[in-house]
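S.K.: Heads up: the sequence lines are chains A and B, in that order. Okay, so the first sequence: first residue is 2 according to the working numbering, each after it adds one. Okay, so the second sequence: first residue is 2 according to the working numbering, each after it adds one.
Honestly, the hints are just simulated from the structure, not real lab data. Please read these numbers as outputs of a predicted model, since none were measured by experiment. Certain hints may be false.
Okay, derived cross-link-like pairs now, SDA-like style, lysine to any residue, Cα gap no bigger than 20 Å in a straight line [as the list claims (entries may be wrong)]:
| id | chain 1 | residue 1 | chain 2 | residue 2 |
| --- | --- | --- | --- | --- |
| 1 | A | Lys89 | B | Lys149 |
| 2 | A | Lys89 | B | Ser176 |
| 3 | B | Lys149 | B | Ala46 |
| 4 | A | Lys89 | B | Asp180 |
| 5 | B | Lys66 | B | Glu193 |
| 6 | A | Lys138 | A | Ala128 |
| 7 | A | Lys89 | B | Met78 |
| 8 | A | Lys89 | B | Ala46 |
| 9 | B | Lys66 | B | Leu148 |
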Amino acid sequence: MSAKSTTTAARIADQLASCGVRLVASLPDNWVMDVIKTIDQDDRFVHVAVNREESAIGLCSGAYMGAMGSAALMGASGLMTIIYAVTKINYTYEIPLFLMATLRGQAGDHHKHHVSNGLYLLPVLNAINMPYQIIDKPEEIDLISRSYRHTRTYARPMTVLFTRDLLRRAH
Amino acid sequence: MQYVECFRALARHRTNEIVVASAGNSCQAWWAATHDIDASFYLDASMSLSTMFASGLALAQPGLKFWAFMGDGAFVMNPGMLMVERQMNLQNLTHFVVSNRAYGGTSNADLPNRGDIDYAALARSMGLERIFEFSTIEALERDFPALKASNAPGHTFVVLEVEPFSEQDQQQLESPPFDGPELKFRFGRHLESLTGADIFGYRI
């Protein structure tokens, strides 16, 4: 864990706590491993490691209906798998949901298996009218709490997308 | 046992449990058995997610008890959910697998390998310990009260072996007549009144 990523992870955790998030459901992506470790070790959160991203949608949606703040954390590929769950649950019932994911497949991401995410992730979010906020710089981390609050107003999902430059380093 | 009769038996034994019904036939059957409009969330079209939804509720409200129904067609889409449920091990959650060995919501289409799946064994393999199976109304009426009264720690998993909906059931049993936002507010306001929790951020 580099000093930069530790600081970034801690600031993301602080933002979540400031919104009243208690439950964090996650599936790993290399870029968010430090965030997951930080949340897992932080007593302010109940961290549930799920084994399918849709399960995180179910958990967080139920937590909302029980008055518990929550967030789902996953990679870009995981975000691509949850379209059914969010459209059926969160859009149908108008249940707020706060998502955090990696913005894979952009310049600087050298993994060829994420090219498809670079091509299709943002168009898919646009196609289902899911608002998103790209967070690329440390000074933009405060946008997490604004985005979280928007889900409560909008009564539907919103996602923040973390770039490689934010979570790792420029490449 | 007959699907709706099974649900009517469960309804007779229900006291204050909050219910989450799922995609497939369980929403129709629970609605037919109870016509509950406040303490049940009809999570229709949520393939394999009703118990995760109920787990979030149960985590958030440990003072309430939750029942979650899931058809076996939905269950086999995401059996890994049991690993998550085992990890969370919520004492106030009972997961009912309604095993009709068919995709009841889609004209009773055959479930692949339907004759050979042992849901209780699958749950045991995931580390669950409180596992129960019922295949007759008589056994359900006789043994369910003791199961329900137990304060044994840990998440409870119940397999209900039922017949698929008949042709007549398919035609006559209505779906709960609510749009999504109405259900959300009815259910949420009910939980607010029970617990004092603030779900929506404002009160009427």
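S.K.: Would you pick out the hints that fail for this structure and give their numbers low to high?
M.R.: 1, 3, 6
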